[in-house]
Amino acid sequence: MSRRQPVLPMSTYTLLGALEIGLIFSLVALGVYISFRLLRFPDLTVDGSFPLGGAVAATLIASGTDPFTATIAATAAGAFAGLITGWLNVRLKIMDLLASILMMIALYSINLRIMGKPNVPLIMEPTVFNILQPEVLADYVFRPLLLIFVVLAVKLLLDGFFATQTGLAIRATGSNARMARSQGVNTGLAVLAGMALSNALVGLAGALFAQTQGGADISMGVGTIVIGLAAVIVGESLLPSRKLYLATLAVILGAIVYRFFIALALNSDFIGLQAQDLNLVTALLVTVALVLPRLRQRSIGKKGG
Amino acid sequence: MLNAQDLHLTFNPGTPIETLALRGLSLEIPSGQFVTVIGSNGAGKSTFLNAVSGEQAIDSGKVEIDGIDMTRQPVWARARHVARVFQDPLAGTCEDLTIEENMALAKMRGQRRGFSFAVKQALREEFREQIATLGLGLENRLSDRIGLLSGGQRQAVSLLMAALQPSRLLLLDEHTAALDPRTADFVLKLTARIVAEHKLTTMMVTHSMRQALDVGERTVMLHQGRVVLDVAGKEREGLDVHHLLAMFEKVRGEALDDDALLLS
Ligand SMILES: Nc1ncnc2c1ncn2[C@@H]1O[C@H](COP(=O)(O)OP(=O)(O)OP(=O)(O)O)[C@@H](O)[C@H]1O
Ligand SMILES: [Mg+2]
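The listed protein sequences correspond, in order, to chains L and Z.
Counting in our numbering, the first sequence runs from -10 upward without gaps.
Counting in our numbering, the second sequence runs from 83 upward without gaps.
Worth flagging that the hints you see were computed from the coordinates, not collected in a lab.
On a predicted model such as this, the values are computed, not experimentally measured, just so you know.
Relax, there's no trap hidden among the hints.
Derived pair list, reagent style DMTMM-like, types lysine to aspartate or glutamate, alpha-carbon separation capped at 20 angstroms:
1) K316(Z) - E299(Z)
2) K316(Z) - E110(Z)
3) K144(Z) - D88(Z)
4) K202(Z) - D148(L)
5) K82(L) - E137(Z)
6) K189(Z) - E211(Z)
7) K232(L) - D148(L)
8) K271(Z) - E299(Z)
9) K232(L) - D226(Z)
10) K232(L) - E177(Z)
11) K281(Z) - D296(Z)
12) K144(L) - E225(L)
13) K232(L) - D178(Z)
14) K189(Z) - E208(Z)
Derived, one-sided and incomplete: chain L residues facing chain Z with beta-carbon distance under 7 angstroms:
15) T153
16) S164
17) N165
18) S171
So the derived list for chain Z, only partly shown, Cβ under 8 angstroms to chain L, looks like this:
19) R162
20) R166
21) A173
22) C176
23) L179
24) E183
25) R227
Cβ coordinates follow ideal geometry from the N, Cα and C atoms, glycine included.
Build out the structure end to end from the sequences listed, making use of the hints.
Here it is as structure tokens:
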């Protein structure tokens, strides 16, 4: 098709849709930031805990539970999944990456069990979004608004938590476990707590995703970890900082910017991309984002902050 | 204070690279004593310190600190009683955390960590005062990442951190070895000051015979995982570096004789 495009080839509707999904994935990205960056634990559980959150929320809502309880249950389920991955690593001494892969594939079966079928649609059922939605706002406007509120609240809570004695102990564990232990930090416990927190956020994201996208699907988790990592990396190159409150902000922005790029790429007919090219676009984007900071560093000498 | 009884530890037992690192090492240190530890490479000094801190599990023997049997306790549980400064200046601090966050971490060593903010204003003032005594100008850089400091600066801060909590036992494993002579001298003086101020029971491993005799009040030589020399008081005052060197040679020679016996 060679239809002429306006400068911004996206409608407001598409833009808000991208913002909505970007915000949901910023929760995933915050989770990935906690595991990969703060704990230095390469955690692929995410690909299972995201659909786990969706499955728990959708199944509970479909069976008549109120959506708020369902969302909290989904978050707790995510935390539990992270706890098990951590336990496999800390107690059973299974290599971190492998432990998370084991948990990820186990969750595939568990999610199917929870849903009892490959997908649970939410069409007429109440969701946290349509319950809270005021009359005056269109749903596609209200959803991103509510999500902004949720994401900001999560960000501030995380910033606060990681400045507490317990939060500091978790960060120290990821940064220098030997030192942390010698300061009396039970590093095994710190890993468990961090992994639970990380996957709780991912479970929450899954629950919100199912409620905005009309249901949960067994395959909704495929590639979650890559998207989360992409968001973290894009964010870090947009706003490089070691300060935690800036880093969490960067990660959120990264998730949103990433989503806009994807929407832009898919909506620009002149590029000729289609939905199935998404993974390729992601891979390219992550590559660029990985190389960019190094190029920048070379140009301003070795003085990053 | 510290009571290590008959420690045995073999690395890679039953393999060609089997190493008998500790062979019945026993050492008792009364409260408040400053002990320097010497010995050739591979004598088992680091292994011994690791066995005391809990970083290295031992095959048999007993480690008692402050009258409590700690033999089976993990590192973090012993941290209430034991503070350490490592040989590697980068190992004792978290480079991703700020100076004040590192200090806050050490401030809670062995305490229950809760959900109050780790760095409060009152604490920051305390840290500022403490770090000013180093005379390194770090008091205005509390919120800098500690990774930005030099090795010597980080080692000095590590020492300060070791004394933030009234721990019983301070373990120093060649903590000046990676520093240039001037900085090493500074850190050594700082060590003596902090140990005296806080009346810490201290074990300091060093490769410098001079240092071993100048600092502290008792010197122990390890060889092949055992204590082969233990001097204090008058006897130690009469010792000079060449005495120690001679003793070094003597135990080496005996070791050779042992091997010769084995080979014949
Ligand atoms: N983790 C380990 N695995 C296998 N062997 C080890 C290990 N740690 C130490 N050893 C061996 O145990 C012996 C004692 O080592 P240790 O590090 O305690 O010596 P050291 O007295 O500290 O020596 P140095 O003065 O060189 O630091 C050495 O033969 C060493 O090779
Ligand atoms: Mg050593």
